[in-house]
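Novice: Okay, here's what each chain looks like letter by letter:
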Amino acid sequence: MFLALREIGRAKARFGLLTAAIALLVFLILTQQALQTGLITSFVGAIRQQSAPVLVYSVDGERTLQGSVITPGLEAGVKQVPSVAATADIGQGTFTASINGRSQSDAALIGYTDPKLGAPSTLSAGRLPTAPGEAVGSAGDFSIGDHVRVLGPRSATELTVVGLAPDAQIQVTPTLFVAWPDYVAAVRTANPDATTVLPNVLGVEPAAGVTPSAAAEQINAALPQADALTRSQAAADTPGVSAVQDSFNVIFLLFALVVPLVTGLFFLIITLQKSRSLTLLRAIGAPGGVLVRALLIQVLCILGGGIIIGTLLFAPLSQIKVGALSLRFDVTGVLTWAGLLLVLGVVSAFAAIQRVLRIDPVEATTGEGGR
Amino acid sequence: MKLALRELQRRPGRFVVATVILTLIAILLMFLGGLLDGLVAGSTGALRAQRADYIVYSSTSRNSLVRSRITPEIRGQVESVTGADATGGLGSVQLGARVPGHGPRDLVPVVLFGYELAPRGLPASPPGPGQAYADRVLESQGVHVGTVMELGPARSKITVVGFVSDTEYLGQATLWGSVSTWRSVQDDNRPGERAAAGVVQALVVRGGPPRSPTAAGIDAATGGATTTLTISQAINALPGVSQQQTVFDEIIGVTVVIAIVVVALFFALITIERTALYGVLKALGASSGTLFWGVLLQALIVTLIASAIGIVASLVFAAVIPPGSIPFVATPTRLLSSVGYLLLAAVIGCAFSLRRVLKIDPAAAIGGGQ
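These protein sequence lines map, in sequence, to chains A and B. Counted the way the numbering used here counts, the first sequence spans residues 1 to 371. Counted the way the numbering used here counts, the second sequence spans residues 1 to 370.
Do not take every clue at face value.
Covered stretches of chain B (chain A as the covering partner; in silico rule of three or more C-beta atoms under 8 Å from a C-beta of chain A) [as the list claims (entries may be wrong)]:
#1 23 to 34
#2 84 to 96
#3 240 to 247
#4 255 to 261
#5 282 to 291
#6 331 to 338
FYI, nobody ran anything at the bench for these hints, they're computed from the structure. Idealized CB from N, CA, C, for every residue including glycine.
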C-alpha cells in the first residue's frame with residue numbers, strides 16, 4: 001500500500017497522464033450515454049407519457065405518430081373488436097408557434113378526444129385542460145401561464161399552458177397536449193386548405209380482464225390494416241429508436257474496449273520497467289501477493305481517480321440543454337459504468353499480475369531481473 | 001532512423017498493444033465519421049439534388065417543406081423577380097408504400113416528391129400522371145422499372161418508370177413525379193395536408209442571366225410572406241442535420257484528443273524505458289533530433305498500420321451492413337481525413353517525449369551521473 005501510493009506520488013506525470021486519459025474516456029462515455037437517453041426520451045417521451053394503454057396505428061403509418069392516418073372505416077373496425085372497451089382519437093402534428101410573443105419556434109401538438117386515452121398520465125405541475133384554448137406543455141420547454149400562438153398563413157390559434165408534464169416531448173420538439181377541437185383548429189390554421197382532420201392513432205382501453213398486449217394482438221388479428229401496440233411497444237418500435245440504440249451501443253462497445261486496453265498496456269509496461277526492483281523486493285522477502293496487491297491498489301487508484309474526474313467533468317454538462325434535448329445526470333447509469341470500467345480495468349491488469357508472479361527471486365543474484 | 005525501423009522489424013511485439021489500441025481508436029473515429037456522413041447523406045439527398053440556387057418557403061413554415069404553403073398569388077410575386085421559366089413548384093408527402101412481393105404489413109417508407117424544375121438525374125419533363133422515378137435504394141426492396149407501388153391508406157398507385165441516385169430525404173427513399181401526381185396522392189391520403197389547386201409547398205429558383213435574383217429580393221417582392229434560402233442553408237435547416245453534425249464533430253474531436261493521450265502515454269513510456277540506451281547513443285554521437293525523429297517515425301508507422309486496419313474495417317463494415325439498417329457510408333474524404341487526424345495526434349503525442357529525449361545526459365552512459 002505504502003509503496004504503491006509512494007510510487008504514484010513520485011511519478012505524477014506518468015500516472016496523471018493515464019488518469020487524464022481514463023477521465024476523458026469516462027466523460028465521453030457518460031456524455032454519450034446521456035445523449036442516448038435524452039435523445040430517446042425526447043423522441044418518444046410523449047408516447048410513454050400519454051394515458052392510453054394501447055395505441056392503434058394504421059399499417060401505412062409505419063409506427064410513426066404523425067405518419068399514421070386512421071380512416072373512418074378502420075376506426076369503426078377497431079370499435080367492433082370484442083377486447084376493446086373504448087377508443088378515442090389522438091392526432092399529432094408539428095407546427096410553427098410563437099411563445100409569449102417571442103420569435104417563431106417549433107411546437108408539436110397532440111390532440112385527444114378523451115383525457116383518459118391520450119392526455120399525459122402524470123403532471124409535474126398544474127392541471128389538465130378543462131376549457132378551450134388550454135394546454136399541458138412538456139416540462140422544461142414551457143411554464144404555466146405561457147401564451148402560445150400557433151401560426152398560420154392567415155391567422156393564429158391561441159393556447160395557454162395550464163399544466164406541465166415531465167419527459168413528454170415528441171420528435172425532440174417542445175410538445176403541447178390539447179383537447180381535440182383545439183388540435184383541429186391548429187391544423188386548419190396551419191393549412192387553410194385542410195378538409196377533414198383525421199386522427200393519427202386511436203387510444204384504446206382494453207375490455208375488463210383483457211391485458212393491453214392481448215387486446216393489441218386481437219385487434220391486429222381482426223384488422224389487417226391496423227397496427228395495434230402497447231404503450232411501451234409503441235415507444236420502443238418508433239422508427240429511429242432502435243437505430244439510435246444500435247449506433248450508440250457500437251460506440252459504447254469500442255470505448256469499453258479502449259479503457260481496459262489502455263490501462264492494461266500502461267501497467268504491463270510499468271511492471272516491465274520495474275522488474276529489477278520487483279526482483280530485488282522478492283529476494284529480500286516480499287511475497288508475490290504483496291506486490292500484486294500494490295499493483296491492484298495502483299490500478300484501482302488510477303481507475304477510481306479517472307472515473308471520479310470524468311464524472312465531475314460530466315456533472316455540469318448533464319444540467320444543460322442541447323437544443324430541445326435535455327441531458328440528465330443518471331446516477332444508476334454512472335454507477336453501472338463506473339463498476340463496469342473498474343472490473344474491466346482490474347481484469348486488464350491480469351498480464352501485469354502474471355508478470356509479477358513469474359518473478360524469480362534468484363534472478364536478483366544473477367542480474368537477470370531486469371530483462 | 002534505421003535503428004527505429006530495425007526495432008520495429010525485430011521487436012514488433014513491443015508495439016502490438018499500442019497498435020491494437022490505436023486501431024480501435026481509428027475504427028471508432030472512422031465509424032463515427034461514417035455514421036455522420038451516412039445520416040447526413042440519407043437526410044439531405046433530395047435537396048442536394050436540386051439544380052437550383054434557392055428554395056422559397058412560406059414565412060410561417062420555419063423552413064419545413066410539409067408546413068410550407070405557396071399560393072398562386074405568392075408564386076406570381078416570386079416569378080416577377082425570378083422569371084417564370086426559372087421557378088418550379090415542389091411538393092412532398094411521406095407515406096408507406098406497398099411493394100409487390102412484400103407481406104401485407106411489410107411497407108416501405110417513401111417520400112413522394114412532385115417537381116417542375118428537374119433535379120439532378122431526372123428528365124426535364126416530369127413523368128406522366130401516376131408515374132414516378134424511384135431512388136436507387138428502393139432496388140434493394142425489390143422495386144424495378146414497371147413496379148406498381150401502392151401508397152398510403154388510399155392505396156394510390158404509382159408506377160416506377162426509372163431510377164435516380166442519392167436523393168434520399170430525412171432517412172427515407174424518394175419517388176419523383178409531377179406536381180399534379182403529388183397533389184392527388186396527398187389529397188387522397190392526407191386530407192389534413194391537402195393543397196388546393198395551384199398551391200405547392202415550396203418554390204425552387206434557378207438564378208442566372210438575364211435575371212439574377214437575390215434571396216432578399218425575392219422575400220421583398222412577396223412582402224415578407226416567404227423565406228428564401230440557398231440550397232446549403234435549406235440543407236442545414238432540415239431537422240436534426242446541423243445538431244447531428246455538431247454533436248458528432250465534438251465526439252470526433254474528443255476521440256482525437258484520446259488518440260493524442262494514448263500516443264503520448266505509450267511513447268513516453270517507451271522513451272523512459274530506453275533512457276539508458278539513448279544515453280549510450282548520445283555518448284556515441286547521436287543527436288537529440290535523430291533520436292526524436294526515430295520515436296516519431298515509429299509512432300507514425302504504428303499509426304499508419306492502425307489507420308490501414310481501420311480503413312479496411314470501415315470498408316468491410318460499409319459493405320456488409322444491409323441497406324436501410326445503420327446509416328453508414330465510408331467515403332474516401334472521411335477515411336483520409338481520419339487518417340490525417342490520427343497522424344496529427346501521433347505527432348502531437350510524440351512531442352511529449354521530446355522533452356525527455358532532450359534531457360538525457362550522455363555523461364550518464366559513462367557513469368557521469370553517479
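Novice: A separate judgement is required for each hint: does it hold in the structure or not?
Specialist: Going through the hints against the structure:
Coverage of the region 23 to 34 of chain B by chain A holds [criterion: at least 3 residues with CB-CB distance below 8 Å; count 6]. Here's how the region 84 to 96 of chain B fares: 3 of its residues keep a CB closer than 8 Å to some CB of chain A, so the rule of at least three is met and the hint holds. Counting residues of the region 240 to 247 of chain B whose beta carbon lies closer than 8 Å to any beta carbon of chain A gives 3, which reaches the threshold of three, so the coverage claim holds. As drawn, the region 255 to 261 of chain B meets chain A at 4 residues by the rule of a beta-carbon pair under 8 Å; at three or more, the given contact holds.
Check on the region 282 to 291 of chain B: 0 of its residues sit with their Cβ under 8 Å from a Cβ of chain A, so the three-residue criterion for coverage is violated. Three residues within the 8 Å Cβ limit are the bar, and the region 331 to 338 of chain B against chain A gives 0, so the coverage statement is violated.
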